[in-house]
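Engineer: Chains as they are written, first to last, in my numbering: chain Z, 1 to 319; chain P, 1 to 319.
Hints are not guaranteed to be accurate.
Computed list of lysine-lysine pairs in BS3-like fashion (alpha-carbon distance at most 30 Å, straight line) [what the hints assert, rightly or not]:
1. K231(P) with K115(Z)
2. K231(Z) with K317(Z)
3. K206(Z) with K231(P)
4. K122(Z) with K231(P)
Computed spacing ranges between beta-carbons, pair by pair [as the list claims (entries may be wrong)]:
5. E315(P) with N256(Z): 23 to 31 Å
6. K90(Z) with S195(P): 36 to 44 Å
7. M1(Z) with D141(P): 57 to 65 Å
8. L250(P) with N256(Z): 28 to 36 Å
9. S96(P) with D164(Z): 16 to 24 Å
Covered by chain Z, per the in silico footprint, the following chain P stretches (three or more residues, Cβ under 8 Å) [stated by the list, open to error]:
10. 97-110
11. 117-127
12. 172-178
13. 181-192
Calculated directly from the structure, the hints in this document are not laboratory data.
All residues carry an ideal CB built from backbone N, CA and C; glycine is no exception.
One-letter residues, chain by chain:
There are 2 protein chains.
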Amino acid sequence: MYIYSNILGTFVFNQNFQVREKVMFSKEDTLKYFEDLFENKAIKPELDFEKKFKNIVNLRLNPDDRMDRVFKALEGTKGELYSRNLFLTKWQIKKSVQADLLITQASDSISEINKAINLLSKRLREWYSYSLPEIENTIDDHKTLCEQIVQKSRKDLMSKNKIDLTMGAELSDPDESAIISLASSILDLFKQKDSKEKYLEKLMKKACPNITAVAGYLIGGKILSYAGSLKSLVLMPASTVQLLGAEKALFRHMVNNKSRPPKHGIIIEHQLLQKAKKDDRGKVARSLADKILLAAKVDYFKGEFIGDRLKKELEEKFK
Amino acid sequence: MYIYSNILGTFVFNQNFQVREKVMFSKEDTLKYFEDLFENKAIKPELDFEKKFKNIVNLRLNPDDRMDRVFKALEGTKGELYSRNLFLTKWQIKKSVQADLLITQASDSISEINKAINLLSKRLREWYSYSLPEIENTIDDHKTLCEQIVQKSRKDLMSKNKIDLTMGAELSDPDESAIISLASSILDLFKQKDSKEKYLEKLMKKACPNITAVAGYLIGGKILSYAGSLKSLVLMPASTVQLLGAEKALFRHMVNNKSRPPKHGIIIEHQLLQKAKKDDRGKVARSLADKILLAAKVDYFKGEFIGDRLKKELEEKFK
Numbered sequence: 001m002y003i004y005s006n007i008l009g010t011f012v013f014n015q016n017f018q019v020r021e022k023v024m025f026s027k028e029d030t031l032k033y034f035e036d037l038f039e040n041k042a043i044k045p046e047l048d049f050e051k052k053f054k055n056i057v058n059l060r061l062n063p064d065d066r067m068d069r070v071f072k073a074l075e076g077t078k079g080e081l082y083s084r085n086l087f088l089t090k091w092q093i094k095k096s097v098q099a100d101l102l103i104t105q106a107s108d109s110i111s112e113i114n115k116a117i118n119l120l121s122k123r124l125r126e127w128y129s130y131s132l133p134e135i136e137n138t139i140d141d142h143k144t145l146c147e148q149i150v151q152k153s154r155k156d157l158m159s160k161n162k163i164d165l166t167m168g169a170e171l172s173d174p175d176e177s178a179i180i181s182l183a184s185s186i187l188d189l190f191k192q193k194d195s196k197e198k199y200l201e202k203l204m205k206k207a208c209p210n211i212t213a214v215a216g217y218l219i220g221g222k223i224l225s226y227a228g229s230l231k232s233l234v235l236m237p238a239s240t241v242q243l244l245g246a247e248k249a250l251f252r253h254m255v256n257n258k259s260r261p262p263k264h265g266i267i268i269e270h271q272l273l274q275k276a277k278k279d280d281r282g283k284v285a286r287s288l289a290d291k292i293l294l295a296a297k298v299d300y301f302k303g304e305f306i307g308d309r310l311k312k313e314l315e316e317k318f319k
Numbered sequence: 001m002y003i004y005s006n007i008l009g010t011f012v013f014n015q016n017f018q019v020r021e022k023v024m025f026s027k028e029d030t031l032k033y034f035e036d037l038f039e040n041k042a043i044k045p046e047l048d049f050e051k052k053f054k055n056i057v058n059l060r061l062n063p064d065d066r067m068d069r070v071f072k073a074l075e076g077t078k079g080e081l082y083s084r085n086l087f088l089t090k091w092q093i094k095k096s097v098q099a100d101l102l103i104t105q106a107s108d109s110i111s112e113i114n115k116a117i118n119l120l121s122k123r124l125r126e127w128y129s130y131s132l133p134e135i136e137n138t139i140d141d142h143k144t145l146c147e148q149i150v151q152k153s154r155k156d157l158m159s160k161n162k163i164d165l166t167m168g169a170e171l172s173d174p175d176e177s178a179i180i181s182l183a184s185s186i187l188d189l190f191k192q193k194d195s196k197e198k199y200l201e202k203l204m205k206k207a208c209p210n211i212t213a214v215a216g217y218l219i220g221g222k223i224l225s226y227a228g229s230l231k232s233l234v235l236m237p238a239s240t241v242q243l244l245g246a247e248k249a250l251f252r253h254m255v256n257n258k259s260r261p262p263k264h265g266i267i268i269e270h271q272l273l274q275k276a277k278k279d280d281r282g283k284v285a286r287s288l289a290d291k292i293l294l295a296a297k298v299d300y301f302k303g304e305f306i307g308d309r310l311k312k313e314l315e316e317k318f319k
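Model the full assembly from the supplied sequences, consistent with the hints where possible.
Structural biologist: Next comes the structure, spelled out in structure tokens:
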């Protein structure tokens, strides 16, 4: 019996160099790798060892020569093995992009687009208050303000809001249009945010239907982003899930015992916690984190959809 | 002689209640206010005191009654005085919007758009590296990367860059288009930044031609923004101008003497300082701040254009 290993796996031969057993490294990957190879016609499928081995076994040679030939067949030329190795590595990296990574990107991009919107909206408000401070003061919502600025002329806004005399300056046309174009850029960012939210919702409903049912797609996305991946989320204790996103407060508490430990991280945005009385929040957060983790486990192991049941249980508990 | 003051100014009457003298509060403003009033037909110009007084003087009344009438004429109804006061205040706020405030807004908005671009570009790079890491790695410039992503399909990019086999995953169409739409949003922000830079250049060349000649419109705008206004910039010592934007480093030095004092603030972006040797930088920064302050003073007092001369002097000094 001979044992031989190379980049593709480990092979066991009998004395006639027939393959008795083979363990491919990362079995599933290698199988898919072969499938991929055959699909991709640019790379020739020269990997049918068994055929090669049969030929060798059929030749009448002394055992040493036979072994040499088998090794050569296995390794191919040096370049071939190298390119196979490269291909396999690339293939593994390729396949490591899972839905949860895309969810993380989508969720983080939403947070960052939000940051950009707030940054530019603050600027817009300060700037626009030179022109019509009365309007800027009365409209709290950034999006509505931008829409009003872009869609309506200064005169229309003044007459609509019954402002005879504004404290704002009569800016020249270029000054006005500088403000208007900034507002329309912010509106574009709002559109971008909406489209990313829709995209995230689809991803979450497909890859993590249970988490989505329990926590909603926005909070669920943030939890996945904080955890790094669905797998590492599943491996967390519920108490960690409860505090995801509250790392600063937690470390502050750990360094300085005077400050209280946080009760909840990102899940504070959940409507159950928003509705809960202040004293109940710790309890609700604990149960919510429990259920989210349970949902995550079901999603990870592709179990049946129990999200609605979990959500109902939570809601009934804290009615 | 009678002296009477109200919101519009102080009036001195003789015994016949003829106006002998009047000092209007903020003379210039009040004059413009009258001009404005007559232009603005919505508000009736009922402020020709002299006429009213003449009528009163022409009536045959005992002095007490006369005085009453004069006061009434001056005050009008309570509402009238209130609305005059309001108008004057609004008018003053209106007129307080000067070019330097708009410059500050434009300059700050450019910094903030830049921040937003960097924030979203980092996200885009991380996300795009799932699809074509080889391209993401080779293109350092954010704008170029966005353009490539938006304009070219994945296949084109691969064949153009001779990538047979990418480590990137084959994303589905919705996943790809989520990335592409983020890239096009970033490109929009680049456009917005360009338009704001052009706008700032125009403002600076008009309001602060000398500063622009010496420091350039971008640095000049930032200096004005840090100073708050052209007036407060003019009142600063040159050493403060030199350190504008380096407040953190300065306070760090003041609190802890071990850290060195900063040599330059925002002016470090100036090409003279960029070209200078490290040892010369303090000297160059000092001279540059001097000239910028001089230019600012000329701009503030609307003097003749000497920016080119100042710039030449600087360049010759540090050739």
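Engineer: So, for every hint listed, does it hold in this structure?
Structural biologist: A quick look at each hint next to the structure:
1. K231(P) with K115(Z): Distance ~33 Å between K231(P) and K115(Z) Cα, so the pair is violated.
2. K231(Z) with K317(Z): holds (28 Å)
3. K206(Z) with K231(P): violated (60 Å)
4. K122(Z) with K231(P): The given pair, whose Cα atoms are some 25 Å apart, holds under the 30 Å limit.
5. E315(P) with N256(Z): 23 to 31 Å: For N256(Z) against E315(P), whose Cβ atoms are near 55 Å apart, the range 23 to 31 Å is violated.
6. K90(Z) with S195(P): 36 to 44 Å: At roughly 42 Å between Cβ atoms, S195(P) and K90(Z) fall inside 36 to 44 Å, so the hint holds.
7. M1(Z) with D141(P): 57 to 65 Å: Given range 57 to 65 Å: holds, Cβ gap about 59 Å.
8. L250(P) with N256(Z): 28 to 36 Å: Hint holds: Cβ distance 30 Å, inside 28 to 36 Å.
9. S96(P) with D164(Z): 16 to 24 Å: holds (20 Å)
10. 97-110: Coverage by chain Z holds here, the residue count being 7 at a Cβ distance below 8 Å.
11. 117-127: With 5 residues in contact (Cβ-Cβ under 8 Å with chain Z), the coverage given for the stretch 117-127 of chain P holds.
12. 172-178: holds (count 3)
13. 181-192: holds (count 6)
Consistency note: the structure conflicts with the earlier hints numbered 1, 3 and 5.
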